[in-house]
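Visitor: These are the residues of each chain, in order.
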Amino acid sequence: MFENFTRAQVRTWSMLGSRGTYGAVLAEYAKENPAVVALSADLGKSSGLDRFRAAFPERFINTGIAEQGMLGIAAGLAAKGFVSFASTFASFAALRAGEQVHHYMGYMGENVKLVGLMGGLASGTFGVTHQGLDDIAALRSIPGLTILCPADGVETMKATIAAAQHSGPVYLRLGGTMNLPVVHKEDYPYQIGKSITLRQGSSVAIVATGTMVHHALKAAELLAEEGIEAEVVDMHTVKPLDTELLDGLKQKVLLTVEEHSVTGGLGAAVAEHFAARENAPKHVILGIPQGYPKPGEYGWMLEQCGLGAEGIAAAVRQGI
Amino acid sequence: MSQNEQIICCQQAAAQMRKDILWMTYEKSAGGAHIAPALSIADILAVLYTQMLPKPGRSKTATFVLSKGHAAMAQYAALCAAGYITRQQLADFEQNGSDFPSHPAKNPALGIDFSGGSLGMGLPYAAGLALAAKMKEEGHTVYTLLGDGECNEGMVWEGVFFAAQHKLPLVAIIDQNGMQSDGETGEISALDLSALFAAARWQTAECDGHDHGALLDVFQQAGRLAKQGPVAIFAHTVKGRGVSFMENNNEWHRNRLTKEQYETALAEIERA
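Here the protein sequences line up with chains A and B, keeping their order.
As numbered in this note's numbering, residues 1 to 320 make up the first sequence, in order.
As numbered in this note's numbering, residues 321 to 592 make up the second sequence, in order.
Just chain A, with the same shape it has in the complex (with noise of 0.2 Å):
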């Protein structure tokens, strides 16, 4: 499905951010797939899965505002066939459903792909409760969890039909405001678990995630100026981690990145790989600091927490 994709397409995509794209991408995947459902703790309409619901009403699930029944009734439902996506806000997914994931998606392995909107600061002015800070944190310990971060409007379609191929429990962790930077502009292979290397360089190696990647590729440009060659990845998967990957760079430096707590993310699960071996580059973690961060706009908020190209490129002076 969607295998060569348009320039018309990779536009449309990145207009509609990760959540339109989600949910453009399920109604069309849904129509050769009836058994992928749709449910929704009353956050349908900003789930982007109002073209799902027109589409499809029968397999469209509003179960009220109740995330930890929303969760059970999605793995009752997987667990009689159906391929549920379950999506709420990151937050609310991670943390108020928390227990729920780990019963459920972990201990009886039923095959829900929950979908965690809003993850990081694009909430902006809602402040910290409809922020996914640490989502990926509260998750990643999970055994048998899959965790995707797709990094771009292409990548979102890609994790989407990867997650409802797969054949157990993911989370999707969305992010970005709509007109979501473009990373992928051409059609790749996509697998869960293999990062892609965008950009070569050996001065440092930058691991990025979700909507990271594109302020890593914009950082790389600004150190290039300054001789500094920066290697770039997209760690799409952050569960499981891409440890050949990590285990071939040659870089001394690694700068990880991600739009989440420095605290239990990507930079975390990089760092437990390395802490046994010898030899394992100077790693530094670059997220959002320890702190509820004041709401402001979208971008303010990244600036603030030292998130943005200009962010990441002093973290890797300062490393380096």
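Quick caveat, the hints were computed from the structure, so don't treat them as lab data.
Since this is a predicted model, take the numbers as computed values, not measurements.
Each hint should be verified, as a subset may be incorrect.
Far from chain B, by Cβ distances over 10 Å, these chain A residues were calculated [claimed, not checked]:
1) Phe2
2) Arg53
3) Ala55
4) Ser141
5) Pro143
6) Thr197
7) Ser202
8) Glu244
9) Gln251
10) Glu272
11) His273
12) Ala280
13) Pro281
14) Lys282
15) Gly296
16) Ile320
Label pairs and their in silico Cβ distance ranges [what the hints assert, rightly or not]:
17) B/Asp502 / A/Tyr188: 50 to 60 Å
18) A/Gln318 / B/Asp502: 49 to 59 Å
19) B/Gly474 / A/His273: 29 to 39 Å
20) A/Glu244 / B/Ala510: 55 to 65 Å
21) A/Gly81 / B/Gln408: 25 to 35 Å
Within a straight-line C-alpha distance of at most 30 Å, the following computed DSS-like cross-link-like pairs (lysine-lysine) qualify [stated by the list, open to error]:
22) A/Lys218 / A/Lys252
23) B/Lys375 / A/Lys80
24) A/Lys218 / A/Lys250
25) A/Lys80 / B/Lys454
26) A/Lys45 / A/Lys80
27) A/Lys31 / B/Lys456
28) B/Lys380 / A/Lys31
29) B/Lys547 / B/Lys454
30) A/Lys31 / B/Lys487
31) B/Lys426 / B/Lys547
32) B/Lys426 / B/Lys348
33) B/Lys339 / B/Lys380
34) A/Lys45 / B/Lys456
35) B/Lys426 / B/Lys456
36) A/Lys31 / A/Lys194
37) B/Lys454 / A/Lys31
38) A/Lys80 / B/Lys380
39) A/Lys80 / B/Lys456
40) B/Lys426 / A/Lys80
The C-beta atom is built at its ideal place from N, Cα and C for all residues, glycine as well.
With the hints as your guide, set chain B onto chain A.
Guide: For chain B alone, kept in the frame of chain A given last:
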């Protein structure tokens, strides 16, 4: 089978199940087991498993979710009575690494359709199974069993409201024994559960949870009513039922048995 024959079958199954629950506790459980919670649902499960749920290998027209997971011994004993597992497997109860831990782990090959232990988790899952059945138009009914204390959990009500909204083919049996781990439900959280379920637009029914004839009648009725929407059955039970020194005695929520207690209890079951 006539109703009388069915009732005799249930009585025999329930008696055997009670003996098995005591045997598992005495012979297999090192740290003590949830005896009284299991005994309070022995009759409910004897009727369900021998009369209402499909036998092994038969087409699945109904599914059972034990939401009150700590009453596992009753489920294991019922699975044995219904032919899903052997006595040898029952002897694996709480043995290291076995398929029969203190709280059941989902294992469809053994007839266990849900991983219990975390109270509240069963109801919404059962609602999901029931929704699937409705969407597939299978004519399938989902049964789930909850404790009355378990109804303290908020997520139970998320499932309850959803089931009513979607008129799901779901039968929830509430083991209303008036007790929970720390004491009497009335002293911890006195809920008029029947009124609450009715207010949530469920159909409701009550019965003596130890009367096999009454249980059979109410389950058959509920199975028919569930075609229109969810049904809650309030089974009035006694925690620890069947062993005089355990009845309504919260010492037996979870405990070990001495040889003397075991023999006394067994003798009571045999005499009954």
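Visitor: Against chain B, does A/Pro281 keep a CB gap of more than 10 Å to every residue?
Guide: Check passes; 40 Å lies beyond 10 Å.
Visitor: The output says A/Gly296 does not contact chain B. Does that hold with a beta carbon cutoff of 10 Å?
Guide: 34 Å, holds
Visitor: Need the status of pair A/Lys31, A/Lys194: alpha-carbon distance at most 30 Å?
Guide: 28 Å, holds
Visitor: Keeping to a limit of 30 Å between CA atoms, is the pair of A/Lys218 and A/Lys250 held or broken?
Guide: 22 Å, holds
Visitor: Regarding the pair B/Lys426 and B/Lys456, is the alpha-carbon distance no greater than 30 Å?
Guide: Holds: B/Lys426 and B/Lys456 sit about 23 Å apart, inside 30 Å.
Visitor: When you check the alpha-carbon spacing of A/Lys218 and A/Lys252, does it fall within 30 Å?
Guide: 21 Å, holds
Visitor: Quick one: work out the minimum CB distance from A/Lys282 to chain B and report holds if it exceeds 10 Å, violated otherwise.
Guide: 42 Å, holds
Visitor: Below or equal to 30 Å on CA atoms is what counts here, so check A/Lys31 against B/Lys456.
Guide: Answer holds: A/Lys31 to B/Lys456 is near 17 Å, not above 30 Å.
Visitor: Are A/Gly81 and B/Gln408 spaced within 25 to 35 Å by their CB atoms?
Guide: 32 Å, holds
Visitor: Is the Cβ of A/Ser141 more than 10 Å away from each Cβ in chain B?
Guide: Per Cβ check, A/Ser141 is outside 10 Å of chain B; nearest 17 Å; holds.
Visitor: Is the straight-line distance between the alpha-carbon of A/Lys45 and that of B/Lys456 30 Å or less?
Guide: 26 Å, holds
Visitor: Over 10 Å from every CB of chain B: does A/Phe2 meet that, or does the non-interface label fail?
Guide: 27 Å, holds
In summary, this structure violates none of the numbered hints.
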